Amino acid sequence: MPTNLYKKVTNYNSVAIHIKDTAAVAAKITALQQDGKDHFHIVTDFDSTLTPKFVNGERTHSSYSFIRKKGYMPDVFLEEAQKLFAMYHPIEMDPSIDENVKVQKMNEWWTKGYSLMIKHGMSKGIISDIVQQKLITLRDGVSTFFATLAKENIPTLVFSAGPGDLIREFLYDAGWLTLNMHVVSNFFIFDSEGIATGYSQPFVHTFNKNEYVIKDTPYYNEVERKDNVILLGDILGDARMADGMEHKVVLKIGFLNENEDDLLEAYMDTFDIVLTSDSDFSYVNDLLTTILTFSQH
Numbered sequence: 090m091p092t093n094l095y096k097k098v099t100n101y102n103s104v105a106i107h108i109k110d111t112a113a114v115a116a117k118i119t120a121l122q123q124d125g126k127d128h129f130h131i132v133t134d135f136d137s138t139l140t141p142k143f144v145n146g147e148r149t150h151s152s153y154s155f156i157r158k159k160g161y162m163p164d165v166f167l168e169e170a171q172k173l174f175a176m177y178h179p180i181e182m183d184p185s186i187d188e189n190v191k192v193q194k195m196n197e198w199w200t201k202g203y204s205l206m207i208k209h210g211m212s213k214g215i216i217s218d219i220v221q222q223k224l225i226t227l228r229d230g231v232s233t234f235f236a237t238l239a240k241e242n243i244p245t246l247v248f249s250a251g252p253g254d255l256i257r258e259f260l261y262d263a264g265w266l267t268l269n270m271h272v273v274s275n276f277f278i279f280d281s282e283g284i285a286t287g288y289s290q291p292f293v294h295t296f297n298k299n300e301y302v303i304k305d306t307p308y309y310n311e312v313e314r315k316d317n318v319i320l321l322g323d324i325l326g327d328a329r330m331a332d333g334m335e336h337k338v339v340l341k342i343g344f345l346n347e348n349e350d351d352l353l354e355a356y357m358d359t360f361d362i363v364l365t366s367d368s369d370f371s372y373v374n375d376l377l378t379t380i381l382t383f384s385q386h
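Residue numbers for the sequence shown follow the working numbering, beginning at 90 and rising by one.
Note that these hints are calculated values from the structure, not bench results. In this text the structure is predicted, and so the values were computed from the model without any measurement. Idealized CB from N, CA, C, for every residue including glycine. Fair warning: there could be bad hints in the mix.
[As the list claims (entries may be wrong)] Keeping only pairs whose Cα atoms sit at most 27 Å apart, straight-line, the calculated DSS-like set for lysine-lysine is:
| no. | residue 1 | residue 2 |
| --- | --- | --- |
| 1 | K159 | K201 |
| 2 | K109 | K304 |
| 3 | K109 | K201 |
| 4 | K223 | K208 |
| 5 | K208 | K194 |
| 6 | K201 | K240 |
| 7 | K240 | K159 |
| 8 | K240 | K126 |
| 9 | K159 | K126 |
| 10 | K223 | K213 |
| 11 | K172 | K191 |
| 12 | K126 | K109 |
| 13 | K172 | K158 |
| 14 | K223 | K240 |
| 15 | K158 | K109 |
| 16 | K172 | K213 |
| 17 | K109 | K159 |
| 18 | K315 | K304 |
| 19 | K201 | K213 |
[Unchecked claim] Ranges of calculated distance between the beta carbons of each label pair, as one might list FRET restraints:
| no. | residue 1 | residue 2 | range |
| --- | --- | --- | --- |
| 20 | Q171 | T267 | 17 to 27 Å |
| 21 | E241 | V165 | 42 to 52 Å |
| 22 | P163 | D358 | 35 to 45 Å |
| 23 | P291 | V165 | 25 to 35 Å |
Modelling step: build the complete structure from the supplied sequences, incorporating the hints.
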């Protein structure tokens with residue numbers, strides 16, 4: 090392995106890069122290089138992965154929270170949404186509850202939550218206003234990441250349990266909804282006046298966010314024969330986003346944005362590479378460049 094690549098997968102001269110098994114990661118990167126760009130695709134979460142967890146020391150909003158907390162919904166919506174959170178979030182987080190039960194309960198939560206937004210006037214206008222106010226911020230370096238993927242025509246899946254209409258509109262407005270870019274998420278159905286009247290199904294939620302749910306999408310047809318994947322996420326469950334399709338190599342990169350002392354070991358057991366301190370995308374971009382440069386030789 091080239092010396093510069095070895096340095097990239099060990100410490101990168103940064104305390105924010107954590108790798109449990111350097112040899113295994115190096116082997117995966119070598120395989121990605123040798124197989125070339127025509128054999129891999131990207132699967133990435135959106136909130137707290139492409140976006141930072143904190144900006145200027147303050148916690149950022151998730152894409153859903155922009156709808157919920159920025160005055161677009163009446164107080165009665167906030168009260169009802171909080172009741173749903175109090176009911177279902179403990180189930181989501183309880184490790185003793187069977188996952189099949191969790192899947193059922195998350196479907197209930199998402200159904201009630203999206204129905205609640207429709208009841209209280211969800212619209213395309215709200216989506217557009219959030220985007221035009223520039224409320225969503227990407228991590229430093231994500232724009233470079235997107236530009237490289239677009240230039241090299243690497244299929245890229247933004248996989249989110251949040252509101253897909255907002256994510257798509259944000260990417261479109263920023264110029265990143267390129268031909269290689271796909272969004273699999275939760276979408277509203279709007280009437281001719283832009284008022285939400287329904288929602289797409291099945292819902293994408295915490296416990297089914299994997300490639301099983303993309304089998305009826307255009308993205309599936311594009312990547313079915315691409316047997317390598319680089320995966321990026323910020324919660325432990327995101328490491329399963331590539332489940333559901335056969336892969337030769339899955340390189341998993343996890344962003345651990347807080348509670349590092351408590352969670353680092355679990356993240357290192359789950360992801361190949363863990364980036365702490367709410368890292369930017371410099372390391373990810375260098376890895377991508379290393380892989381692409383080699384494959385172009």
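Each hint tested on the structure:
Restraint check: the Cα-Cα separation between K159 and K201 comes to about 20 Å, which is no more than 27 Å; the hinted pair holds. This hinted pair does not check out: K109 and K304 have alpha carbons roughly 33 Å apart, beyond 27 Å. Straight-line distance between C-alpha atoms of K109 and K201 comes to about 40 Å, which puts the hinted pair past the 27 Å bound. Taking the CA atoms of K223 and K208, the gap is about 26 Å. The hint holds against a cut of 27 Å.
The hinted pair formed by K208 and K194 meets the criterion: a straight-line CA distance of about 21 Å does not exceed 27 Å. Note on K201 and K240: the hinted pairing is violated, with a Cα-Cα distance of about 41 Å set against a maximum of 27 Å. For the given pair, K240 sits about 36 Å from K159 by alpha-carbon distance, which is inconsistent with the 27 Å threshold. Using a Cα cut-off of 27 Å, the hinted pair K240 and K126 holds, with the two alpha carbons roughly 12 Å apart.
Taken as a hint, the K159 and K126 pair is broken in the structure, with Cα atoms around 41 Å apart against an allowance of 27 Å. Between the alpha carbons of K223 and K213 the distance comes to roughly 16 Å, so the proposed pair stays at or under 27 Å and holds. Annotation: proposed proximity of K172 to K191 holds, straight-line Cα distance about 18 Å (limit 27 Å). Taking the CA atoms of K126 and K109, the gap is near 26 Å; set against the 27 Å cutoff, the hint holds.
Taking the CA atoms of K172 and K158, the gap is near 15 Å; set against the 27 Å cutoff, the hint holds. Using a Cα cut-off of 27 Å, the hinted pair K223 and K240 holds, with the two alpha carbons roughly 25 Å apart. Proximity of K158 to K109 is assessed by CA-CA distance (about 39 Å); at most 27 Å being required, the pair is judged violated. Taking the CA atoms of K172 and K213, the gap is near 26 Å; set against the 27 Å cutoff, the hint holds.
Restraint check: the Cα-Cα separation between K109 and K159 comes to about 40 Å, which exceeds 27 Å; the hinted pair is violated. Note on K315 and K304: the hinted pairing holds, with a Cα-Cα distance of about 14 Å set against a maximum of 27 Å. Using a Cα cut-off of 27 Å, the hinted pair K201 and K213 holds, with the two alpha carbons roughly 20 Å apart. Q171 and T267 have their C-beta atoms about 38 Å apart, which leaves the hinted 17 to 27 Å range violated.
Roughly 48 Å separates the CB atoms of E241 and V165, a value that falls within the hinted 42 to 52 Å. Our hint of 35 to 45 Å for P163 and D358 holds, since their Cβ atoms are close to 44 Å apart. Under the hint 25 to 35 Å, the C-beta atoms of P291 and V165, about 28 Å apart, fit the expected range.
Violated hints, in rising order: 2, 3, 6, 7, 9, 15, 17, 20; the structure is consistent with all others.
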